[in-house]
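Given next are the chains, with one letter for each unit.
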Amino acid sequence: MSRKAPRPKKGVLTLGTRTPVLLASAALAAGTAAVASPAAAAAPEQLTLAIAWTGSQAATMPPLLAIYNKQHPATHWDLVENVTEQKLLAEEAAGDAPSAAMLNTTNLVASMATTGAIVPLAPYIRASKLDMSQFTQASLYSNTYLGAQYAMPFFEDTYALYYNKALFAKAGIAKPPATLQELAVDARKLSITGSNGQYTQLGFEPTLPKELEGYLYGGSWATPSGQVTATSPKAEEGVQWLVDVEKMLGPSKVQRFLSGASGAASSLDPFATGKVAMDVSGEWFMPTIFQQSPHMDLGVAPIPYPAGEPQYAGTGSVGGNPMVVLKGAKDPQATWAFIQWLVTTGQEIATKNPKLLNDVYSVPALKSLVDDAKLAPNPQMAFFWRYSGGANIHPFPPVPDATSYLNAISAAVQDAELGSATVSKALKQVQDQYAPLIAGEIKSAK
Amino acid sequence: MARALEAVPVAAPPVAAGRPARSGWLTRRRRRWLWGLFFVSPWLIGLVGLTLYPMALSLYYSFTNYDIVGSTQWVGTSNYQLLWNDPEFRQALGNTLYLVVVMVPLSLAASLVYALLLNVNVRGQRVFRTVLYLPQMVPTVASAILWLWALNPQYGLVNTILGWAHVLGPLWLSSITWSKPAIVLMNLWGVGGAAIIFLAGLQGISPALLDAARVDGAGAWSRFRHVTIPALSPLILFNAIMGVLSAMQYFTQAFVMGGGDTGGTSIGVGNSLQFAVVYLYEVAFADLRVGYASAMGWVLFLMMLVVIGLILKFSVRRVYYEAWRAR
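Here the protein sequences line up with chains G and Y, keeping their order.
Per the numbering used here, the first sequence starts with residue 1, numbered consecutively.
Per the numbering used here, the second sequence starts with residue 1001, numbered consecutively.
Calculated directly from the structure, the hints in this document are not laboratory data.
If a hint is listed, it holds; no wrong ones were tucked in.
With beta-carbon atoms standing in for the labels, derived distance ranges: (1) H76/G / L1106/Y: 56 to 62 Å; (2) P1181/Y / Q198/G: 19 to 25 Å; (3) H1166/Y / K165/G: 35 to 41 Å; (4) G1094/Y / K327/G: 37 to 43 Å.
Beta carbons are placed, not taken as given, at the ideal position from N, Cα and C, and that holds for glycine.
I would like the entire structure built from these sequences, with the hints used as guidance.
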């Protein structure tokens, strides 16, 4: 039904302010010595990085910039936080864009690429001989447009099945569901109805982020060449499964329960407070859970696959904050050098520093980091990290107009859940609208 | 403007003794006209720079594929043709039309009732007036958040009150059917501005007229129907036009209460709160199809002109202007 409101990204721990010691240790972790250059004597070139992040996540950046500025005296990077894409575009149109930017969502990469707002990175990648195989496959794909790299992954969000072990034990269920069919059975078993006929506990919150229901049966929302596939039988099968689960639980009862236990009516989340037994959500949800239920016996598991089709095990989605070089960047070469450093060395520094990792609380995009379980702050996070590198992790396809397309799918799924339309009819309407639109955008951009 | 100024007989300022009137192009009349232009220039610059120029640009962009940063190409009327076949735009227009047809008349009726109540001379009248106007002082986003709480199906104030009457309240914003009525309900809470205008109008009605009607045997309803309503009709027209303009540009509350962002979530369940301007925003600033969004803006603008034209036409024989009558 209605999509979950994005939850705040907060760090679990409250640590002190940054100190010179922190900078020094981070610099050491980078394992690179300051490089003296002839330009060091001259005033450094002033460049700006605009980021979408705010709050604790944004706090990750100043220490990284400080290290980079120290190591590269020819340039000096300033940080501007909380920059929306609208502001970026306005600045770009006015010829006053920052050199580098971190966008709020990968959904915007293809649209910005088609308009020429961001520059293709292939020439820079080739020239710098950056090894692209060091990044997780899904994180790279989400930052492409028609196979060309337009953005670089920094930290990512990925999604898996959270489950409350205590509620499972109480219901006599020994382990999390492995298949979608098991999930539906468990959801029913774990749902408890009160004397007023309304739920007091819900077995499963039947919404999936990033419309990843389309991938559950091996489907997709678009091909790599940008062709819309909203009516592909496998995508439809995934949506049908979700709609069936919602209908089994009762859409009105589910909505009444969820609206009462979350959202604007309460800062408390129903899963985090132990009223929902299973929920598919991102790693960023963990701080909320730990804050609201510090003693919850929290389990994380792969998103279940269709019974008899284990090839779709480990299905999930990924999103993140793309790093881009904006058209008209003051010094594209220096900007690329900075982004390259940030997504490799910078990411490594942030991951290996507990304070910075706690601030960013996300999934790294570097394979070497996601596979290193001892770097993760807890076993659950280690699971998310490993999970993000799987072969069945799919970002929402990087196509133009991705935001509207995603919105239309979301509305279509809701229509089907509420019985306003069949799944086929609702998805066909999306296909009929977006297939020509996105094809036209791609064609005109070429 | 020059012709208008010429038409108004204005006494010429005294010319300084011994100072000859200038001849040639800069005649006294032209000098006065230039001075006039100088004094209205701040407004004129604003009108041209911030209204007419952007409007002209958006009209031009509506025939292009403008996307803010890329090269702009002329695409003729294709944006308008696409709009015609865009089901989301049709849905957004339908949602907007709901506000115009349901919310505007209800708001007018509610504000008129409020004004009539506030016009009754009772103890604490000023307090009531202040309380009624207070919602106008609450920032739009804050009031939207407040109503998110009030309309919560399980613990919200509205459903709690319904629960006292053993009524299971609706899902409000979590329902396709009830999300727009929820917006209307919220809007009724904030009609203090229109009510104040009506109140001013009520206080301007001559007691002599009401007394004369009473002497002629008119009852309360008859006095309201035949004296109060005609006297208020210019204000009803004004509030109706303002209400229609506001409804057709409804954005902030819907965006906040419907959970809008650039992440692709639907605005309200099944996009039931995706009003025309909300969709325009998404197309322009998330998809970067500014040319298409401009076409949408112009279609909306023309629709507003038509709707307001119809209201004005309908009002010709129904709105009573005392000043016209006196001429």
